[in-house]
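Asker: For reference, the chains in residue letters:
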Amino acid sequence: MELQKFTYDNKLTRLFMNATIFWGLIGMLVGLTIALELIYPLMTNGVSWLSFGRLRPLHTNAVIFAFVGNGMFTGIYYSTPRLLKTSMFSELLGKIHFWGWQLIILSAVLTLPFGITVGKEYAELEWPIDIAITLVWVVFGINLIMTIVKRRVKHIYVAIWFYIATFVTVAVLHIVNSISIPVSLLKSYPIYAGIQDALVQWWYGHNAVAFFLTTPYLGLMYYFIPKAANRPVYSYKLSIIHFWALIFLYIWAGPHHLLYSALPDWAQALGVVFSVMLIAPSWGGMINGLLTLRGAWDKVREDPVLKMFVVGVTAYGMSTFEGPLLSLKSVNAISHFTDWTIAHVHIGALGWNGMLTFGMLYWLMPRLYNTKLFSVKMANAHFWLATTGMLFFAVPLYFAGFTQSLMWKEFTEEGYLKYPNFIETVVQILPMYYLRVLGGTLYITGVILMIYNLIKTAQMGTFSKIEEDEAPALHSVSHEKDKGHRILEGKPILFTILALVAILIGGIVEFVPMFMVKSNVPIIASVQPYTPLELQGRDIYLREGCYNCHSQMIRPFRSEVERYGDYSKAGESVYDHPFQFGSKRTGPDLAREGVKTGPIYKPDSWHYNHFLSPQKMISQSIMPPYPWIINNDLDISSTPKKIRVMQLLGVPYPDGYAEKANEDLKKQANKIAQGLRDGGIEVEDGKEVIALIAYIQRLGTDIHKTE
Amino acid sequence: MKIVTKTLEGIADIQFFPIIGLIIFFIMFVVLLYYVAQLSKNQIDEFSRLPLDDAQDIHFENDESTFSKK
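Read top to bottom, the protein sequences are chains A and B.
Per this note's numbering, residue 1 is the first one in the first sequence, and the count goes up by one each step.
Per this note's numbering, residue 1 is the first one in the second sequence, and the count goes up by one each step.
So that you can see chain A by itself, here it is in the shape it has in the complex (with noise of 0.2 Å):
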């Protein structure tokens, strides 16, 4: 049998995992001064770009698409090849994916905090960058595709299986989410309104969690645990069946994030019942990689990579057992909104993605470098650092979550809310967010000295730019007759196209009937679309990322409906290009925050005092001041163009309304500074926030008129 020479690449994969060390670790410091900010909300008084609602998104979008997106990337250029017995298929597409991913990251830096963004939690990112990453997405698929085309084994191992579903799903999700109608440069309308921009984007977000944060790193744990135990995976039937049930079954679990909300109930029993059939492939993984460790235990002692991949996999146990529960209806009640949320999602990015990630640089490093590392014991100081911090995080802001929601629930005997005042519930779990900088801390000081660690290590050894390997070509090895799976195996094209297929039928399912059955979305008459004053404020409302902080989503309880008003229909926000009904609770909910005759109504002056100084008007209050807003102009050139963009979507302005558009908004903006200057308040009619209590004053308000 004849063996073929040929050659790793080891500079790209150098490449990303300095990406990922570097951007993991600016990711968890915009973290770490998101959670300070949240203790000193005056701590970066006046300056907008680090306010805490244009960092959060760039917190999430960096530890989700930089840090996660390089370290799976990282992995991946490393295992590929090595796994199909061939050099990846193109150098060059691989340095444009590189370079290309870096720029979009920066792109993102360089929007984000400066309020440019979609405002759609997770999908923030403009226009222009979502076409970036949509090519260099697809630069990427051609790469790891045609490499399996070339391989020179038969079998194409299941850690690629989960590389081949992240490509097709990430680019499918990225797709039908992103889609909008420019406005300008830098600001664009998603074609989705309302609940179904909500249903949308949810199956986006839940799977962006599924496609980007999960099967990626399952691919990595497939290649990286049996290698550092040196032993093969625990059961190969079961990779199998848990990859075909997870990529099936994660797909349809969009909803549960929507539960009591305006979402018609089938869509949400659909959420439901999946994301409770989705603990068994999850846990097929995790027993899957826990269990390849059975007769390695003694190593496990000693070994700090395979102590965090231990760590790891069962975090993502832990956490795919917490989503199912969470998605349960009765608990979902007490935990949406709140920071348990928060402490759900931080298992899974401290837990299953950093601490793979962290384990498996300890495990390339040395490799690539022909070394070893330069210190255990440090490695060994990082993994207590991380697990502890993980905890410190964690911890108390289950306790948070639970004990703000049910004061936000509770009762008096005469029947009244017993916390009337939000700001009541959040003093009470302000001690939490003080630990939670405390395990920050702690997880990033772990992070910095796995970095000095690193840095050392390769400075002992010499860099391997290139590997040499032989395997026989394929056609010399594949003269069995095959048959079933086997010849799927053997034709990636069509695996991929069966991935799709798999994928495409949950968002089917869900998709049409929402947007084409009429009951699901009841008109109300009395809902009109926002005046272009207010539509100018939605967009400072989106700019300033409010939605981090602000649900608009008043769910049919007792407690919200005595606490916020009648709770939100799916008739309401139609006109809502996008969505705004938000994840979190940091104050209170603002779905009908202008209803006048509504428990949390506030008049203009108020507001606009809100916005000059939160602790002037609420003195305990977290929330950031916001003098830009009062003190910068309203830029009224785009109103035409944002008008004629919302007629496009279907949002019916009368016809030629764009030119008239403006003289209108003048004359509400008067009538609103004229209100507060007759108060005492020194305002011009053309300034933000004019705008933006317009629009505040007009939430919730449509159902409430009178004809």
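Treat each hint with caution, since some may be false.
[To be verified] Taking lysine to any residue and the SDA-like style, the derived pairs with C-alpha atoms no more than 25 Å apart in a straight line are:
(1) B:Lys-6 to A:Lys-465
(2) B:Lys-6 to A:Gly-656
(3) B:Lys-6 to A:Lys-237
(4) A:Lys-518 to B:Leu-22
(5) B:Lys-41 to A:Leu-238
(6) A:Lys-705 to A:Met-617
(7) A:Lys-154 to B:Ile-20
(8) A:Lys-329 to A:Leu-291
(9) A:Lys-5 to B:Asp-53
(10) B:Lys-6 to A:Arg-644
(11) B:Lys-6 to A:Lys-418
(12) A:Lys-465 to B:Asp-53
(13) A:Lys-237 to B:Met-28
(14) A:Lys-491 to B:Lys-6
(15) A:Lys-154 to B:Leu-33
(16) A:Lys-491 to B:Lys-41
(17) A:Lys-491 to B:Val-30
(18) A:Lys-491 to B:Met-28
(19) A:Lys-154 to B:Asp-53
(20) B:Lys-6 to A:Ser-526
(21) A:Lys-491 to B:Phe-25
(22) A:Lys-154 to B:Lys-6
(23) A:Lys-11 to B:Leu-52
[Stated by the list, open to error] Here are some chain A residues the structure puts well away from chain B; computed CB gaps all over 12 Å:
(24) Leu-25
(25) Tyr-122
(26) Trp-283
(27) Ala-658
These aren't lab readings, by the way, just hints derived from the structure by calculation.
Values in this document were obtained by computation on a predicted structure and should not be read as measured data.
Glycine included, C-beta positions come from ideal geometry on N, C-alpha and C.
Guided by the hints, dock chain B onto chain A, whose structure is given.
Answerer: Relative to the frame of chain A, chain B by itself:
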């Protein structure tokens, strides 16, 4: 919203897509279970050893060499 609904309505017989999809997946899953059940032990061993037979690993055959406390 009109823009999405109209596009979807333009696809002929779209109402059957979900059920067709479900049938495809169900059949695929049954075939998959059959396939997994009939795999021989040799095949499974061969597949699951794929990450382990690197030339480079011979060099690092004994993992303790990386992390031993000498």
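Asker: Next step is simple, just say for each hint if it's right about the structure.
Answerer: Do the hints match the structure? See the list:
Proximity of Lys-6 of chain B to Lys-465 of chain A is assessed by CA-CA distance (about 54 Å); at most 25 Å being required, the pair is judged violated. For the hint pairing Lys-6 of chain B with Gly-656 of chain A, the CA-to-CA distance comes to about 23 Å; that is within 25 Å, so the pair holds. This hinted pair does not check out: Lys-6 of chain B and Lys-237 of chain A have alpha carbons roughly 45 Å apart, beyond 25 Å. At most 25 Å may separate the alpha-carbon atoms for a hinted pair to count; Lys-518 of chain A and Leu-22 of chain B meet this at roughly 23 Å.
Proposed proximity of Lys-41 of chain B and Leu-238 of chain A is supported: the alpha carbons are some 13 Å apart, at most 25 Å. Using a Cα cut-off of 25 Å, the hinted pair Lys-705 of chain A and Met-617 of chain A is violated, with the two alpha carbons roughly 29 Å apart. Restraint check for Lys-154 of chain A and Ile-20 of chain B: the C-alpha separation of about 32 Å exceeds 25 Å, so the hint is violated. Note on Lys-329 of chain A and Leu-291 of chain A: the hinted pairing is violated, with a Cα-Cα distance of about 33 Å set against a maximum of 25 Å.
For the proposed pair Lys-5 of chain A and Asp-53 of chain B, the alpha carbon gap of about 15 Å is at most 25 Å, so the pair holds. Proposed proximity of Lys-6 of chain B and Arg-644 of chain A is supported: the alpha carbons are some 19 Å apart, at most 25 Å. Between Lys-6 of chain B and Lys-418 of chain A, the direct Cα distance comes to roughly 49 Å. Violation of the 25 Å bound is thereby established for this hinted pair. Simply put, Lys-465 of chain A and Asp-53 of chain B have alpha-carbon atoms about 21 Å apart, close enough for the 25 Å limit, and the pair holds.
For the hint pairing Lys-237 of chain A with Met-28 of chain B, the CA-to-CA distance comes to about 16 Å; that is within 25 Å, so the pair holds. A threshold of 25 Å between alpha carbons decides the hint, and for Lys-491 of chain A with Lys-6 of chain B the separation of about 37 Å lies outside it, so the pair is violated. For the hint pairing Lys-154 of chain A with Leu-33 of chain B, the CA-to-CA distance comes to about 21 Å; that is within 25 Å, so the pair holds. Note on Lys-491 of chain A and Lys-41 of chain B: the hinted pairing holds, with a Cα-Cα distance of about 23 Å set against a maximum of 25 Å.
Under the criterion of a C-alpha separation no larger than 25 Å, the hint pairing Lys-491 of chain A with Val-30 of chain B is consistent with the structure, at around 20 Å. Between the alpha carbons of Lys-491 of chain A and Met-28 of chain B the distance comes to roughly 16 Å, so the proposed pair stays at or under 25 Å and holds. With a C-alpha separation of about 14 Å, the suggested pair Lys-154 of chain A and Asp-53 of chain B falls inside the 25 Å cut-off, and the hint holds. In summary, the hint linking Lys-6 of chain B to Ser-526 of chain A is supported, as the alpha carbons are separated by about 24 Å, within the 25 Å threshold.
Distance check on the hinted pair: Lys-491 of chain A and Phe-25 of chain B sit about 19 Å apart at the alpha-carbon level, within 25 Å; holds. For the suggested pair Lys-154 of chain A and Lys-6 of chain B, the alpha carbons sit about 46 Å apart, so the restraint of at most 25 Å is broken. Under the criterion of a C-alpha separation no larger than 25 Å, the hint pairing Lys-11 of chain A with Leu-52 of chain B is consistent with the structure, at around 22 Å. Remark: the non-interface label on Leu-25 of chain A is consistent with the geometry, its nearest Cβ contact in chain B lying 24 Å away (cut-off 12 Å).
Every C-beta of chain B lies more than 12 Å from that of Tyr-122 of chain A, the closest at about 21 Å, which supports listing it as non-interface. No Cβ of chain B comes within 12 Å of the Cβ of Trp-283 of chain A; the nearest lies about 18 Å off, and the non-interface call holds. With 12 Å as the threshold on Cβ separation, the claim that Ala-658 of chain A sits away from chain B holds: the shortest Cβ distance comes to roughly 17 Å.
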